[in-house]
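Chemist: So you can see what is in the structure, the chains are spelled out below.
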Amino acid sequence: MKTRGCKLIVMLIIMVILAGCNPNSNEQSSGNGDSKSRNTLVISSVREPDTIDVHKTTWVDNSTANIYDTLLKRDLEGNIIPGLAEKYDISNDGKIWTFYLDENVKFHSGEPLTAEAVKKSFERFLQYSAVKFLAGPVDKIEADGQKLMVYFTEPFAPFASGLTTSYLAPMDPKSLDEYGEDFGKHPGASGIFKFGERIRGSSITYMKNDDYNWGPPFVDNKGAPGFDKYEFRFITDDDTRVLEFKKGTTQIMTNVPPNYIKDLETTEGVKIDSMLEQGITYLGFNNKKPMFQDKRVRQAIALGIDRDPLVEFALEGYAKPLFGPLPQSIPGYSEKVEGEAKQKYSLNVEKAKSLLEEAGWKDTNGDGIIEKDGKPFSFELWLSDEPVMQRIAQILQGQLKEIGILVNISVQEPASISANTPKGLHDALLNMYGWSDPDILYMLFGKGSSLRMHYENEELHNLLTKARQTMNKEERMEIYEQAQQFLVEESPWVPLFVRENVTAYRDINGFKQNPYSQSIIFNDITSK
Amino acid sequence: MSKYILNRTFSMVVTLIGVSILVFLMMHLIPGDPVTYILGDFASEEAIVEMKSTLGLDQPLFIQYIDYIKNVLQGDLGTSYITGLTVIEEITARFPITVQLALYSLIIGSVVGILMGILAAVKQNTIFDQLAMVISLIGISAPGFWIALFLIWIFSYQFSVFPISGYQGFYSLILPSITLGLGSAGNIARMTRSSMLEVIKQDFMRTAQAKGLAMIPMIFKHALQNAMIPVITLIGLQFGFLLAGAVVIETVFALPGLGSFSIEAITKRDLPTVQGLVLFMAFLFIITNMIVDLVYSLVDPRIKY
Chain A
1 MKTRGCKLIV MLIIMVILAG CNPNSNEQSS GNGDSKSRNT LVISSVREPD
51 TIDVHKTTWV DNSTANIYDT LLKRDLEGNI IPGLAEKYDI SNDGKIWTFY
101 LDENVKFHSG EPLTAEAVKK SFERFLQYSA VKFLAGPVDK IEADGQKLMV
151 YFTEPFAPFA SGLTTSYLAP MDPKSLDEYG EDFGKHPGAS GIFKFGERIR
201 GSSITYMKND DYNWGPPFVD NKGAPGFDKY EFRFITDDDT RVLEFKKGTT
251 QIMTNVPPNY IKDLETTEGV KIDSMLEQGI TYLGFNNKKP MFQDKRVRQA
301 IALGIDRDPL VEFALEGYAK PLFGPLPQSI PGYSEKVEGE AKQKYSLNVE
351 KAKSLLEEAG WKDTNGDGII EKDGKPFSFE LWLSDEPVMQ RIAQILQGQL
401 KEIGILVNIS VQEPASISAN TPKGLHDALL NMYGWSDPDI LYMLFGKGSS
451 LRMHYENEEL HNLLTKARQT MNKEERMEIY EQAQQFLVEE SPWVPLFVRE
501 NVTAYRDING FKQNPYSQSI IFNDITSK
Chain B
1 MSKYILNRTF SMVVTLIGVS ILVFLMMHLI PGDPVTYILG DFASEEAIVE
51 MKSTLGLDQP LFIQYIDYIK NVLQGDLGTS YITGLTVIEE ITARFPITVQ
101 LALYSLIIGS VVGILMGILA AVKQNTIFDQ LAMVISLIGI SAPGFWIALF
151 LIWIFSYQFS VFPISGYQGF YSLILPSITL GLGSAGNIAR MTRSSMLEVI
201 KQDFMRTAQA KGLAMIPMIF KHALQNAMIP VITLIGLQFG FLLAGAVVIE
251 TVFALPGLGS FSIEAITKRD LPTVQGLVLF MAFLFIITNM IVDLVYSLVD
301 PRIKY
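Residue numbers (this note's numbering), protein chains in the order written: chain A, 1 to 528; chain B, 1 to 305.
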């Protein structure tokens with residue numbers, strides 16, 4: 001019994017080891033080392049997408065977007081230009097959008113791009129997507145050959161922006177028919193990449209789309225991209241990701257941690273490219289809380305913050321201080337508003353103190369903290385566990401103490417923040433938003449949608465609604481300028497900075513990024 | 001023996017029910033909501049209500065639990081809210097990596113730990129003893145991620161012996177297993193040493209020595225066999241800790257195992273996945289310890305069930 005038992009255990013151990021040595025396991029290779037010999041471009045990324053089915057996620061990035069192609073695109077100046085739709089027009093009342101689709105485009109299955117196929121995708125998007133608000137108040141969709149008509153109950157200008165995102169990109173109808181709910185496991189569309197293989201928790205591999213010849217005007221190579229395979233590897237640990245890149249086993253590293261940038265800049269053969277993110281980091285007040293209902297208090301806090309140390313010490317300089325509501329990377333950004341806001345809210349401790357005093361807050365007991373009706377001014381600041389956010393919170397805590405406000409830092413899990421801020425359980429929040437259209441202001445401050453800052457104002461709501469319904473670009477941007485001026489004056493939040501999204505690359509030519517779609521342009525990248 | 005196994009199986013079922021209730025309650029009571037994650041930052045109140053109803057999260061907790069257990073008994077651990085795959089599919093894809101990692105670490109930890117423990121006990125109060133104990137202390141106290149980065153830097157980055165990260169079969173699990181195994185080796189070495197010291201001082205060992213038995217057979221055949229019971233218990237428990245320790249190691253080495261996936265599922269409040277994973281891990285832990293208890297009788301004939 002004893003000997004047989006021992007033998008059994010030894011056999012089991014050997015079997016497990018042999019299973020590990022199975023040569024088939026190596027087929028799941030993540031591409032280390034031999035990426036060049038296979039003509040594979042390896043890109044490392046932090047966050048793994050939950051699914052490649054863009055109708056079932058709220059997260060799209062380089063690792064999922066390039067399998068899709070969009071009806072409209074943003075060029076390198078941020079203008080909306082034709083994509084799969086060769087042209088489009090909008091009826092005078094803004095309620096009917098007509099798209100004329102490129103008849104040369106083919107899906108990955110070989111099926112031609114037709115209005116019927118796009119309609120099918122749109123309808124699926126409207127049925128499943130958590131971001132269906134991107135399409136606005138769609139009434140019905142009609143398809144006629146290569147002509148697609150979308151009818152709205154009300155005009156909705158941000159629809160054009162939505163069409164530049166992969167969420168509204170047409171999906172391959174054959175894949176949809178064949179796989180239905182499992183489309184995410186076998187995705188197909190009309191982008192420059194074709195789906196290859198996904199190893200959950202590790203990587204997604206795409207093949208180049210050999211049929212692709214409808215590249216946008218802002219790329220040099222209109223045809224199939226330069227590598228045979230594109231492998232996105234997901235490496236959460238910063239140190240590991242950096243070592244893989246420095247070793248040369250990955251050629252592109254997205255989201256370079258700020259504390260590694262200087263090291264990589266001095267590494268031979270490595271180039272760094274950065275672009276401003278389409279979003280900002282801000283200190284948002286819960287405007288329903290009594291302490292933040294006085295505009296002077298909100299303005300005083302904005303005056304008590306010095307953005308330079310935040311950028312310098314928390315982000316190693318890889319961010320741009322911001323005073324207005326929109327960054328340069330989002331259409332609608334206004335230099336005029338930014339200038340006015342900077343002038344109004346550049347650090348001024350004395351003015352901040354006098355505004356607080358006007359509002360009735362004064363340090364009566366000499367402890368350095370201001371009081372009103374015997375209650376000290378202190379608030380809890382919620383933030384995620386991201387190290388950079390924690391450093392920013394600590395700096396803000398020190399700065400606001402200078403004007404007599406006590407900040408208690410409360411680090412929370414993102415899921416907890418998402419669930420509890422709409423309930424108004426927080427005092428203030430250190431947060432960031434990301435979007436490609438100025439309509440983000442409606443989502444942050446529109447009536448019924450101010451879930452983080454709980455700030456509602458009839459005048460602002462009317463402006464933001466009008467902007468949504470104005471089809472003329474110039475007129476629309478003018479309205480956003482007014483809305484931004486309103487926000488600067490009312491200060492329901494304190495915009496802090498816009499981060500730089502830093503990418504490192506090596507051993508390749510033709511690397512470019514589009515700041516208005518926050519994406520790497522793979523069309524022109526070739527091996528060195 | 002069969003009665004013993006039956007008893008243990010019964011207590012395993014009771015334990016698993018307890019675990020399922022605990023994890024179910026914990027996931028529902030901690031702040032955070034899977035629906036807000038699924039729908040994103042700008043979800044409307046109506047969309048949230050609709051999604052809760054679709055997922056059955058608007059039902060009373062008791063009803064949700066009963067529904068969950070009914071499905072578990074039918075072999076259905078649910079479907080991940082986030083990835084859309086069944087929890088069983090996720091476990092099947094990732095478990096082989098985690099179990100290989102834990103098993104290799106256990107082998108490394110046991111072999112290195114037992115040998116160091118024997119050496120330390122036999123050469124008590126010598127430089128060998130002190131060296132073995134210092135090494136084991138480093139193994140126990142040095143953080144796993146630090147050892148991992150240190151090993152990656154030397155063996156992968158400088159000398160290209162192993163891949164830096166990712167899963168490419170047995171070869172890519174060597175460094176992670178050494179990292180994870182070092183902590184276990186430290187614990188096992190200390191336990192082996194103290195257990196061996198107790199046995200070595202006993203009368204039968206002195207008799208064996210007086211009879212002129214050679215050192216090696218005396219240590220391995222007489223002393224070690226008698227000193228192994230507490231060591232085996234510790235090894236059994238270590239397997240569970242190694243599965244837990246895999247969380248950090250899998251993240252550093254970018255291994256697509258269950259450890260790193262559990263963290264992701266908890267962060268995203270993916271209730272079916274977390275519940276399924278915890279239940280599965282608990283099952284594994286209990287089974288391992290049951291096997292360890294059965295192994296006692298192989299090592300020590302005095303123990304019978």
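Please note that a few of the clues may not be correct.
Pair by pair, the computed Cβ-Cβ distance ranges are [to be verified]: (1) B:Leu61 with A:Glu181: 48 to 56 Å; (2) B:Leu61 with A:Asp385: 22 to 30 Å; (3) A:Gly145 with B:Phe145: 54 to 62 Å; (4) A:Tyr179 with B:Ile287: 48 to 56 Å.
No lab work stands behind these hints: they were computed from the structure. These numbers were taken from a predicted model, which means no experiment stands behind them. Just so it is clear, CB atoms sit at the ideal spot from N, CA and C, and this is done for glycine as well.
Chemist: Is the distance from the Cβ of leucine 61 of chain B to the Cβ of aspartate 385 of chain A consistent with 22 to 30 Å?
Modeler: 27 Å, holds
Chemist: Against the range 54 to 62 Å, how does the distance between the Cβ atoms of glycine 145 of chain A and phenylalanine 145 of chain B compare: consistent or not?
Modeler: 59 Å, holds
Chemist: Looking only at beta-carbon atoms, does the pair tyrosine 179 of chain A, isoleucine 287 of chain B fall within the given range of 48 to 56 Å?
Modeler: 37 Å, violated
Chemist: Do the beta carbons of leucine 61 of chain B and glutamate 181 of chain A sit within 48 to 56 Å of each other?
Modeler: Given about 28 Å between the Cβ atoms, the range is violated.
When the structure is compared with the earlier hints, violations turn up for hints 1 and 4 and for no others.
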